[in-house]
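Undergrad: This is what each chain is made of:
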Amino acid sequence: MIDSLYVAWRYLSFNWGRSLTLIACVTLIALLPLSLEQLLDESERQLLARAESTPLVVGAKGSSLDLVMNSLYFGDTVPELLSMAAVDRVADTDLALPIPLYVRFKARGFPIVGTNLDYFDFRGLTIAEGRNLALLGECVLGAGVAEALQLGPGDTLLSSPETLFDLAGVYPLKMRVAGVLAPTHGADDVAVFVDLKTTWVIQGLVHGHQDLTAVTDPTLVMARSDGSVTATAKLAQYTEITPENLDSFHFHGSPADYPITAIIALPHDDKAAALLRGRYVGTDAADGLQQVVVPGSVIEGLLATIFRIKNVLDAVILVVGMATVLALILVFALSLRLRQGELQTIFKLGCGRATIARLLGAEILIILAASAVLTALLLVGVAQVDAALVRALFIR
Amino acid sequence: MIDIRGLQFAYPGSGFRLDIPSFRMQVGEKLAVIGPSGSGKTTLLNLVSGILTPGRGAVRVADTDIASLSDAGRRAFRIRQIGFVFQDFELLDYLDVLDNILHPYRITGALRLERTVRDRARQLAEGLGVGDKLRRHPGQLSQGEKQRVAICRALLPSPRLLLADEATGNLDPRNKGRILDLLFDSVDAHGATLLAVTHDHELLPRFDRVVDFAEFQADIRPDAQPGAAA
Chain W
1 MIDSLYVAWR YLSFNWGRSL TLIACVTLIA LLPLSLEQLL DESERQLLAR
51 AESTPLVVGA KGSSLDLVMN SLYFGDTVPE LLSMAAVDRV ADTDLALPIP
101 LYVRFKARGF PIVGTNLDYF DFRGLTIAEG RNLALLGECV LGAGVAEALQ
151 LGPGDTLLSS PETLFDLAGV YPLKMRVAGV LAPTHGADDV AVFVDLKTTW
201 VIQGLVHGHQ DLTAVTDPTL VMARSDGSVT ATAKLAQYTE ITPENLDSFH
251 FHGSPADYPI TAIIALPHDD KAAALLRGRY VGTDAADGLQ QVVVPGSVIE
301 GLLATIFRIK NVLDAVILVV GMATVLALIL VFALSLRLRQ GELQTIFKLG
351 CGRATIARLL GAEILIILAA SAVLTALLLV GVAQVDAALV RALFIR
Chain P
1 MIDIRGLQFA YPGSGFRLDI PSFRMQVGEK LAVIGPSGSG KTTLLNLVSG
51 ILTPGRGAVR VADTDIASLS DAGRRAFRIR QIGFVFQDFE LLDYLDVLDN
101 ILHPYRITGA LRLERTVRDR ARQLAEGLGV GDKLRRHPGQ LSQGEKQRVA
151 ICRALLPSPR LLLADEATGN LDPRNKGRIL DLLFDSVDAH GATLLAVTHD
201 HELLPRFDRV VDFAEFQADI RPDAQPGAAA
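First to last, the sequence lines map onto chains W and P.
With my numbering as the guide, the letters of the first sequence map in order to residues 1 to 396.
With my numbering as the guide, the letters of the second sequence map in order to residues 1 to 230.
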């Protein structure tokens with residue numbers, strides 16, 4: 001068999017163009033369904049595990065899928081906003097612990113997640129480097145963000161404008177990295193965590209600037225009246241929160257009206273969960289403008305859709321695969337016709353039909369083995385990026 | 001070396017029929033077979049080598065009755081006892097010179113490819129003037145060099161009988177003489193016997209004996225298949 005493999009190898013390497021084409025065809029036939037299966041397994045793992053570990057999500061009425069994708073996986077689509085009053089409403093029921101989320105802004109392409117320290121406990125997130133959030137303007141990086149941006153405690157990270165042409169919007173906030181989270185192999189790895197108030201600073205709802213009562217430059221003041229001073233546009237606003245200017249940061253308006261995107265509600269028990277869900281049924285509860293969803297059910301619905309699409313894809317791949325196999329058989333058949341002279345020669349020399357079959361079998365074996373190795377390598381490659389692919393395909 | 005008696009052969013469904021009452025060759029003899037196309041010269045080589053079996057009569061080669069052997073036995077006999085040199089050389093383009101020479105050892109279990117065989121292959125190639133081209137492919141060789149490689153391949157298993165089917169047919173006149181010299185020298189050196197089919201009448205005086213196939217009763221009809229016989 002070694003001799004057959006050697007002769008087959010020489011034939012295949014001499015006709016390398018044809019051999020590579022055959023290997024590419026076989027590899028594609030094998031790779032397509034296997035990589036699809038791998039991606040779907042990963043998507044199921046990522047989506048379902050996280051969804052099932054999140055009991056309830058409260059959000060504004062609208063797409064429950066957008067709400068869950070934004071709240072659990074920090075997807076790009078921002079759901080209708082809630083106010084902080086909704087958090088108080090959940091807390092007042094005494095049925096669940098509310099964890100507010102404000103997932104709207106980005107920093108160098110990674111989502112900024114405004115929340116409180118309860119979120120870290122709920123997700124079991126631990127600090128690998130540095131410390132947790134303590135001051136306004138600080139951020140804690142997911143492991144993937146720290147690795148991708150090569151940042152660590154003590155570095156700074158700028159928030160990004162919401163749109164390129166947001167000229168009238170807020171200035172980017174320079175956030176100081178307080179710590180880096182241990183890897184979780186989930187959405188938390190690719191997020192920048194800040195305190196909820198920091199997201200409001202990014203939005204411009206909370207800001208800090210020079211003390212107007214103490215400024216000596218008259219061009220900074222537009223008008224003075226009893227108890228209030230109106231500043232001109234020349235007044236410098238702080239784009240970084242430091243211990244020196246921290247006290248100058250202040251709210252405008254009622255904090256209860258400040259926006260969030262969702263609330264993760266952690267019911268005390270199943271009964272409390274049922275009761276809380278009951279509070280959001282009908283239009284008379286919670287102003288009829290909010291909804292509570294069970295992420296597991298929403299994601300199961302999404303996965304059911306994905307798997308229906310997969311079944312269609314499987315059928316398509318099967319048909320394409322069969323067509324390719326037939327084409328390969330045709331290639332081999334034509335190749336045999338072209339090699340009739342060679343086969344006749346080795347037959348005359350004393351080679352039996354079984355040996356001829358063994359030579360051809362060795363060629364097929366080498367092609368299949370090379371395709372198997374190539375497929376395995378590509379699947380390993382897919383495994384390296386499947387988390388990011390799943391995120392790009394199903395979450396963003 | 002060869003003893004044929006009362007041989008009758010016909011290709012099924014064709015009008016071709018070969019009838020050889022008696023044909024003998026001595027060990028070490030160099031015999032040329034001539035005759036018009038379709039007279040059965042190549043068929044004779046195929047019968048002697050066991051590729052074809054006679055309808056009637058006996059073909060004995062090296063004291064072995066070819067027809068009495070099984071298919072596998074005939075193949076083993078062929079690869080051990082008989083060397084082929086073809087008109088078109090029939091080298092495999094995807095193998096280099098050395099691998100082409102060694103090829104019979106790789107396609108049958110009847111021969112074992114050992115270090116001594118490789119050494120002998122190199123010696124043969126050196127002797128026939130292609131020792132410096134062992135890693136070249138046939139496409140990089142001249143016609144004469146290809147035929148030298150084909151002779152190396154035929155001689156490597158030390159066959160007792162060498163069958164040459166128009167071995168000089170594709171060569172220029174100068175190369176024809178050289179290749180024939182090499183063939184004769186190799187046959188002498190290995191103590192083999194040479195049965196050569198040829199159309200080159202100017203080469204005939206160099207053979208020990210010449211047999212004209214027109215002597216045999218070959219029935220050639222107009223509807224006979226051209227590929228069925230030489």
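Keep in mind that the hints were calculated from the coordinates and are not lab data.
The reader is advised that the hints may include incorrect statements.
[Unchecked claim] So the derived list for chain P, only partly shown, Cβ under 10 Å to chain W, looks like this:
{"id": "1", "residue": "Ser68"}
{"id": "2", "residue": "Asp71"}
{"id": "3", "residue": "Leu91"}
{"id": "4", "residue": "Ala110"}
[Unchecked claim] FRET-style restraints, in silico, Cβ to Cβ:
{"id": "5", "chain 1": "P", "residue 1": "His201", "chain 2": "W", "residue 2": "Ala369", "range": "23 to 33 Å"}
{"id": "6", "chain 1": "W", "residue 1": "Gly17", "chain 2": "P", "residue 2": "Ala189", "range": "41 to 51 Å"}
{"id": "7", "chain 1": "W", "residue 1": "Val316", "chain 2": "P", "residue 2": "Thr53", "range": "52 to 62 Å"}
{"id": "8", "chain 1": "P", "residue 1": "Gln140", "chain 2": "W", "residue 2": "Leu313", "range": "41 to 51 Å"}
{"id": "9", "chain 1": "P", "residue 1": "Asp19", "chain 2": "W", "residue 2": "Gly17", "range": "34 to 44 Å"}
Predicted model only: the values in this text are computed from it and were never measured.
Even glycine gets a Cβ: it sits at the ideal position worked out from N, Cα and C.
Undergrad: Determine for every hint whether it applies to the structure shown.
TA: Results of checking the hints against the structure:
no., hint, in the structure
1, Ser68, "18 Å, violated"
2, Asp71, "8 Å, holds"
3, Leu91, "9 Å, holds"
4, Ala110, "7 Å, holds"
5, P/His201 with W/Ala369: 23 to 33 Å, "54 Å, violated"
6, W/Gly17 with P/Ala189: 41 to 51 Å, "42 Å, holds"
7, W/Val316 with P/Thr53: 52 to 62 Å, "54 Å, holds"
8, P/Gln140 with W/Leu313: 41 to 51 Å, "49 Å, holds"
9, P/Asp19 with W/Gly17: 34 to 44 Å, "51 Å, violated"
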